[in-house]
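Top line first, the protein sequences correspond to chains R and H. Numbering follows our numbering, in which position 419 of the first sequence is assigned residue number 419; successive positions increment by one, without gaps. Numbering follows our numbering, in which position 205 of the second sequence is assigned residue number 205; successive positions increment by one, without gaps.
Among the hints, erroneous ones may be present.
Any copy will do: because identical chains look the same in the list, a pair fits if it lies in one copy or spans two.
As the list claims (entries may be wrong) - Cross-link-like lysine to any residue pairs, in silico, SDA-like; alpha carbons within 25 Å at most:
no. : residue 1 : residue 2
1   : LYS232    : ASN286
2   : LYS174    : ARG152
3   : LYS434    : GLU79
4   : LYS299    : GLN225
5   : LYS290    : GLU356
6   : LYS8      : LEU364
7   : LYS340    : LEU359
8   : LYS212    : ARG285
9   : LYS232    : ARG24
10  : LYS212    : ASN121
11  : LYS299    : LEU322
12  : LYS343    : PRO362
13  : LYS343    : GLN15
14  : LYS340    : ASN286
15  : LYS324    : LEU151
16  : LYS409    : ARG24
17  : LYS340    : LEU364
18  : LYS129    : ARG58
19  : LYS208    : PHE85
20  : LYS140    : THR392
21  : LYS140    : ASP49
22  : LYS129    : GLU50
23  : LYS67     : THR288
24  : LYS208    : ALA352
25  : LYS340    : PRO362
26  : LYS129    : GLN435
27  : LYS232    : PRO68
28  : LYS324    : LYS409
29  : LYS140    : ASN48
What the hints contain is simulated information worked out from the structure, not anything from laboratory work.
Protein chains: 2
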Amino acid sequence: MNDKNNDKSLLEEFQIAGNGLLDRRLFLKRGLQLSAISTLASSTALANDETSDAISSRQPWMNQPGKPFSLYGQPSAYEDRVVRFPTQNELVPGNGVSWTPLHLMEGTITPNGLHYERHHNGVPQIDPKQHKLLMHGLVKRDLFFSIDDLLRYPMQSKICFIECGGNSNAGWNKQPSRSEAGYFNGMASNSEWTGVPLSVLLDETGIKKQAKWIIAEGADAFAMQMSIPIEKAMDDAFLALYQNGERIRPENGYPLRLIVPGYEGVLNVKWLRRLKLSNRPIMARNETSKYTELLPSGKARQFTFFIEAKSLITSPSAHMLLSKPGYYQITGLAWSGRGKITKVEVSADAGASWAEAELQGPVLDRAFTRFRLPWHWNGNVAVLKSRATDETGYVQPERSELIKQRGRKGFFHYNAITNWQVDKDGFVSHVYDKQDNETPNTDISIDSGWD
Amino acid sequence: MNDKNNDKSLLEEFQIAGNGLLDRRLFLKRGLQLSAISTLASSTALANDETSDAISSRQPWMNQPGKPFSLYGQPSAYEDRVVRFPTQNELVPGNGVSWTPLHLMEGTITPNGLHYERHHNGVPQIDPKQHKLLMHGLVKRDLFFSIDDLLRYPMQSKICFIECGGNSNAGWNKQPSRSEAGYFNGMASNSEWTGVPLSVLLDETGIKKQAKWIIAEGADAFAMQMSIPIEKAMDDAFLALYQNGERIRPENGYPLRLIVPGYEGVLNVKWLRRLKLSNRPIMARNETSKYTELLPSGKARQFTFFIEAKSLITSPSAHMLLSKPGYYQITGLAWSGRGKITKVEVSADAGASWAEAELQGPVLDRAFTRFRLPWHWNGNVAVLKSRATDETGYVQPERSELIKQRGRKGFFHYNAITNWQVDKDGFVSHVYDKQDNETPNTDISIDSGWD
Numbered sequence: 001m002n003d004k005n006n007d008k009s010l011l012e013e014f015q016i017a018g019n020g021l022l023d024r025r026l027f028l029k030r031g032l033q034l035s036a037i038s039t040l041a042s043s044t045a046l047a048n049d050e051t052s053d054a055i056s057s058r059q060p061w062m063n064q065p066g067k068p069f070s071l072y073g074q075p076s077a078y079e080d081r082v083v084r085f086p087t088q089n090e091l092v093p094g095n096g097v098s099w100t101p102l103h104l105m106e107g108t109i110t111p112n113g114l115h116y117e118r119h120h121n122g123v124p125q126i127d128p129k130q131h132k133l134l135m136h137g138l139v140k141r142d143l144f145f146s147i148d149d150l151l152r153y154p155m156q157s158k159i160c161f162i163e164c165g166g167n168s169n170a171g172w173n174k175q176p177s178r179s180e181a182g183y184f185n186g187m188a189s190n191s192e193w194t195g196v197p198l199s200v201l202l203d204e205t206g207i208k209k210q211a212k213w214i215i216a217e218g219a220d221a222f223a224m225q226m227s228i229p230i231e232k233a234m235d236d237a238f239l240a241l242y243q244n245g246e247r248i249r250p251e252n253g254y255p256l257r258l259i260v261p262g263y264e265g266v267l268n269v270k271w272l273r274r275l276k277l278s279n280r281p282i283m284a285r286n287e288t289s290k291y292t293e294l295l296p297s298g299k300a301r302q303f304t305f306f307i308e309a310k311s312l313i314t315s316p317s318a319h320m321l322l323s324k325p326g327y328y329q330i331t332g333l334a335w336s337g338r339g340k341i342t343k344v345e346v347s348a349d350a351g352a353s354w355a356e357a358e359l360q361g362p363v364l365d366r367a368f369t370r371f372r373l374p375w376h377w378n379g380n381v382a383v384l385k386s387r388a389t390d391e392t393g394y395v396q397p398e399r400s401e402l403i404k405q406r407g408r409k410g411f412f413h414y415n416a417i418t419n420w421q422v423d424k425d426g427f428v429s430h431v432y433d434k435q436d437n438e439t440p441n442t443d444i445s446i447d448s449g450w451d
Numbered sequence: 001m002n003d004k005n006n007d008k009s010l011l012e013e014f015q016i017a018g019n020g021l022l023d024r025r026l027f028l029k030r031g032l033q034l035s036a037i038s039t040l041a042s043s044t045a046l047a048n049d050e051t052s053d054a055i056s057s058r059q060p061w062m063n064q065p066g067k068p069f070s071l072y073g074q075p076s077a078y079e080d081r082v083v084r085f086p087t088q089n090e091l092v093p094g095n096g097v098s099w100t101p102l103h104l105m106e107g108t109i110t111p112n113g114l115h116y117e118r119h120h121n122g123v124p125q126i127d128p129k130q131h132k133l134l135m136h137g138l139v140k141r142d143l144f145f146s147i148d149d150l151l152r153y154p155m156q157s158k159i160c161f162i163e164c165g166g167n168s169n170a171g172w173n174k175q176p177s178r179s180e181a182g183y184f185n186g187m188a189s190n191s192e193w194t195g196v197p198l199s200v201l202l203d204e205t206g207i208k209k210q211a212k213w214i215i216a217e218g219a220d221a222f223a224m225q226m227s228i229p230i231e232k233a234m235d236d237a238f239l240a241l242y243q244n245g246e247r248i249r250p251e252n253g254y255p256l257r258l259i260v261p262g263y264e265g266v267l268n269v270k271w272l273r274r275l276k277l278s279n280r281p282i283m284a285r286n287e288t289s290k291y292t293e294l295l296p297s298g299k300a301r302q303f304t305f306f307i308e309a310k311s312l313i314t315s316p317s318a319h320m321l322l323s324k325p326g327y328y329q330i331t332g333l334a335w336s337g338r339g340k341i342t343k344v345e346v347s348a349d350a351g352a353s354w355a356e357a358e359l360q361g362p363v364l365d366r367a368f369t370r371f372r373l374p375w376h377w378n379g380n381v382a383v384l385k386s387r388a389t390d391e392t393g394y395v396q397p398e399r400s401e402l403i404k405q406r407g408r409k410g411f412f413h414y415n416a417i418t419n420w421q422v423d424k425d426g427f428v429s430h431v432y433d434k435q436d437n438e439t440p441n442t443d444i445s446i447d448s449g450w451d
């Protein structure tokens with residue numbers, strides 16, 4: 001099967017962009033035997049007796065009964081490195097973030113045990129029988145809702161991502177990140193959320209004409225508060241009780257979380273206890289000194305709300321090692337707070353040429369979209385990039401463009417293209433474009449971020 | 001807000017089938033205030049000082065820092081009853097099933113900790129470095145694949161259900177079930193599976209002309225074997241490595257599971273170690289004496305493979321208590337091994353009249369589809385039913401029809417309509433249709449099922 005000439009002509013037939021990017025429809029061609037792929041199999045010509053040996057050889061777990069049933073399972077002990085990665089404030093252990101290990105995952109759903117976290121004062125352990133939601137302010141009547149009340153209301157489900165506005169903030173640094181892809185970009189996760197449309201509850205309270213904003217408050221010790229435009233509340237916001245089929249977990253807002261699809265994470269207030277209708281935003285700390293950025297013009301961006309289109313190659317990605325030249329699948333995730341992803345392009349030659357990746361269906365509104373593209377690595381240095389386009393026509397920018405627009409005084413809302421460089425020895429690391437290299441003494445001041 | 005006359009006219013306006021079934025578009029009408037719904041809120045007229053009290057009253061969890069970050073979370077301690085329910089063979093604890101608590105869940109995704117299990121000899125704890133897949137038999141070349149090999153192959157994802165052919169077997173019993181909905185129908189779960197198309201690996205091995213079947217074997221101590229038609233293998237079968245984003249858990253096949261979308265669960269062989277191409281099925285125990293049924297004609301159904309369309313109201317359902325007359329949301333799940341669900345009808349008057357439920361989008365091929373319909377319970381006895389139709393036009397049968405077609409010698413493949421009766425006191429239980437009541441001395445013999 002190692003017909004190198006045949007292999008070469010097949011590669012030429014399917015190459016659609018520089019440095020070995022192959023047509024996404026490669027595997028629709030039946031009967032294809034690309035030796036670059038075939039050589040993945042450990043043995044290409046088993047002798048008959050080897051096959052017989054393999055059939056009769058029984059691993060230890062075939063010779064004894066397995067473990068009994070479990071009420072609520074756990075991943076295999078062999079996967080114990082696939083966990084969230086916390087980055088905490090040392091002085092206040094409940095203040096910080098934890099990262100979803102996107103580089104160790106496939107598909108689009110984030111299991112609840114791996115959904116990223118951002119807490120300001122730890123995870124409250126709320127008794128749902130004691131928890132109530134108050135709706136008041138510029139309403140026609142103040143109302144309380146117990147969790148049992150809310151469970152009787154009409155529900156809707158939506159698979160959507162939540163991304164922290166501070167995700168990928170290392171991209172603002174002068175030096176490339178040394179972290180794995182998920183520990184640099186994994187403050188983004190994707191679940192099926194189910195709950196009560198906020199519009200249904202606002203129909204219950206009634207809305208006074210002057211109401212323009214809703215102030216959402218959490219029941220954690222930080223009493224997190226955020227302001228949301230009333231139009232968004234009436235459009236598609238909902239009060240989630242379930243995440244991926246089961247009740248929301250404590251670290252993601254149990255028993256009640258506000259979901260505002262497409263808005264940055266901080267607005268999806270956890271442990272929701274209060275919604276106050278107001279004629280103005282509350283100008284809380286997390287919508288003034290944080291989650292904003294000072295632009296080169298001297299003006300600050302505030303209430304940006306929407307997550308702009310973004311993509312990330314999760315494999316190959318930083319810290320991975322390609323063992324030898326040959327076939328690899330490039331895969332990753334793309335998402336946009338403005339709607340559906342319409343296109344993801346991939347480059348293997350640092351942006352000189354691009355090929356369109358296959359999007360795994362169903363492509364959903366404001367949800368993770370998995371993309372994949374076959375690639376033949378020839379053993380030379382390669383710089384991989386991915387670039388997302390969403391249904392508004394917005395195209396994910398290069399880092400230099402983003403810095404041009406936003407300047408260097410920001411910490412939040414980094415959505416530029418990420419470069420992974422594959423070295424000759426197969427090791428993958430994060431790099432910036434050459435023209436984008438910055439000298440360490442550039443006069444910039446970067447917000448310290450969390451606190 | 002308790003305008004009873006207004007309420008009555010609204011109910012009349014929106015009623016679309018007998019006994020209080022309301023139009024599924026009820027909540028699209030903005031500004032609707034149906035007192036039947038409004039009275040859900042604990043308090044409809046908070047005094048100003050009550051509201052102030054509510055704002056300033058801080059629960060204990062607001063007065064102290066919460067728990068720290070967790071590497072891999074768990075559900076809230078207040079949800080500790082939401083677990084799988086095992087039914088084991090007392091003599092062989094690793095032989096049996098566990099049920100997904102569908103009646104305690106919402107949305108469509110089953111979290112991995114709650115995916116149903118069916119084991120024949122316990123859960124093997126497989127070291128992925130030691131595990132290999134052998135493909136042999138009527139192939140052009142025998143091949144071994146390590147898990148690391150497979151991880152380099154092109155992948156695809158699919159959200160789909162798996163249902164055990166023995167699910168809902170209590171429906172064959174002469175007496176209605178006394179179990180909760182999930183412990184009677186919860187050998188069905190729905191995940192996003194990701195892995196390598198089997199067709200890609202068969203392109204690697206090549207297929208000899210005589211090959212008509214693939215025998216799949218698991219690496220558990222039972223060495224589970226099942227026969228799959230080669231056309232299905234080439235069509236949409238795949239070898240899953242990931243479930244809901246993370247690697248498959250041990251109880252669901254770690255490190256490798258065969259997924260045959262739409263086929264009954266037993267064919268989705270876990271801990272896959274071997275695929276042998278053959279000119280005939282292997283006639284294993286689980287495709288001859290089990291997962292088959294003797295028909296009234298004296299012939300047996302064998303190799304039925306496909307799960308026929310089915311639906312189930314998960315709420316209200318058995319053991320639940322409706323606290324008072326008024327608004328409720330009827331919700332449940334529908335699925336078909338033949339494709340998409342196109343319609344779910346609901347009846348609140350034991351089948352005398354039917355209303356079409358809202359299907360939660362996206363409606364996916366061979367996946368759980370959530371349906372919902374508003375209902376006004378007037379406090380009298382009501383019998384709730386749901387009836388699914390799939391894209392082939394197949395309609396889920398009543399129990400009497402199913403028995404007519406299949407006779408009473410079967411144990412597997414029960415997909416009839418399930419009735420939940422709401423009594424005057426609001427308690428919900430499983431009932432059969434009146435015409436369908438069977439006398440205890442009817443001469444029937446029911447397969448004892450598992451072993």
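We went through each hint and held it up to the structure:
For the identical chains of this complex, LYS232 and ASN286 are intra-copy neighbours only, at 19 Å inside a copy versus 54 Å across copies, given an alpha-carbon limit of 25 Å. Taking the shortest Cα distances, LYS174 and ARG152 never come within 25 Å of each other, neither inside one copy (52 Å) nor across copies (33 Å). In the homo-oligomer, the alpha carbons of LYS434 and GLU79 never lie at most 25 Å apart, since the shortest distance is 37 Å inside one protomer and 53 Å across protomers. Taking the shortest alpha-carbon separations for LYS299 and GLN225, only the intra-copy value of 24 Å comes in at or below 25 Å, while the best inter-copy value is 68 Å.
Within a single copy, LYS290 and GLU356 get their C-alpha atoms no closer than 36 Å, and across copies no closer than 48 Å, so neither meets the 25 Å cut-off. Taking the closest pair of Cα atoms, LYS8 and LEU364 never come within 25 Å of each other, the shortest separation being 38 Å inside a single copy and 39 Å across copies. Taking the shortest alpha-carbon separations for LYS340 and LEU359, both the intra-copy value of 11 Å and the inter-copy value of 21 Å come in at or below 25 Å. With identical chains, the CA atoms of LYS212 and ARG285 are at most 25 Å apart within one copy only, with a shortest distance of 20 Å there and 67 Å across copies.
In this homomeric assembly, LYS232 and ARG24 come within 25 Å of each other (Cα to Cα) only across copies, at 23 Å, whereas the closest approach inside a single copy is 38 Å. In the homo-oligomer, the alpha carbons of LYS212 and ASN121 never lie at most 25 Å apart, since the shortest distance is 29 Å inside one protomer and 61 Å across protomers. In this assembly of identical chains, LYS299 and LEU322 lie within 25 Å of each other by CA distance neither inside one copy nor across copies; the values are 45 Å within and 56 Å between. Proximity of LYS343 to PRO362 under the C-alpha cut-off of 25 Å is found in both arrangements, the shortest distances being 13 Å within a copy and 20 Å between copies.
For the homomeric pair LYS343 and GLN15, the shortest alpha-carbon distance inside one copy (19 Å) is at most 25 Å, but the shortest distance between copies (44 Å) is not. For a Cα distance limit of 25 Å, the shortest separation of LYS340 from ASN286 qualifies neither inside one copy, at 28 Å, nor across copies, at 44 Å. In this assembly of identical chains, LYS324 and LEU151 lie within 25 Å of each other by CA distance solely across copies; the values are 15 Å between and 54 Å within a copy. For the identical chains of this complex, LYS409 and ARG24 are neighbours neither inside a copy (40 Å) nor across copies (50 Å), given an alpha-carbon limit of 25 Å.
Taking identical chains as interchangeable, the C-alpha atoms of LYS340 and LEU364 lie at most 25 Å apart whether they share a chain (6 Å) or sit on different chains (17 Å). Taking identical chains as interchangeable, the C-alpha atoms of LYS129 and ARG58 lie at most 25 Å apart only when they sit on different chains, with a minimum of 15 Å there against 52 Å within one chain. For a Cα distance limit of 25 Å, the shortest separation of LYS208 from PHE85 qualifies neither inside one copy, at 45 Å, nor across copies, at 49 Å. In this homomeric assembly, LYS140 and THR392 never come within 25 Å of each other (Cα to Cα): the closest approach is 37 Å inside a single copy and 50 Å across copies.
Taking CA atoms no more than 25 Å apart as the test, LYS140 paired with ASP49 passes between copies only; the shortest distance there is 16 Å, against 82 Å inside one copy. In this homomeric assembly, LYS129 and GLU50 come within 25 Å of each other (Cα to Cα) only across copies, at 19 Å, whereas the closest approach inside a single copy is 63 Å. Taking identical chains as interchangeable, the C-alpha atoms of LYS67 and THR288 are never at most 25 Å apart, the minima being 54 Å within one chain and 27 Å between chains. For the homomeric pair LYS208 and ALA352, neither the shortest alpha-carbon distance inside one copy (56 Å) nor that between copies (44 Å) is at most 25 Å.
Proximity of LYS340 and PRO362 under a CA criterion of 25 Å is satisfied in both settings, with 10 Å inside one chain copy and 13 Å between copies. In this homomeric assembly, LYS129 and GLN435 never come within 25 Å of each other (Cα to Cα): the closest approach is 58 Å inside a single copy and 43 Å across copies. Taking the closest pair of Cα atoms, LYS232 and PRO68 never come within 25 Å of each other, the shortest separation being 48 Å inside a single copy and 32 Å across copies. For a Cα distance limit of 25 Å, the shortest separation of LYS324 from LYS409 qualifies neither inside one copy, at 42 Å, nor across copies, at 58 Å.
In this assembly of identical chains, LYS140 and ASN48 lie within 25 Å of each other by CA distance solely across copies; the values are 12 Å between and 81 Å within a copy.
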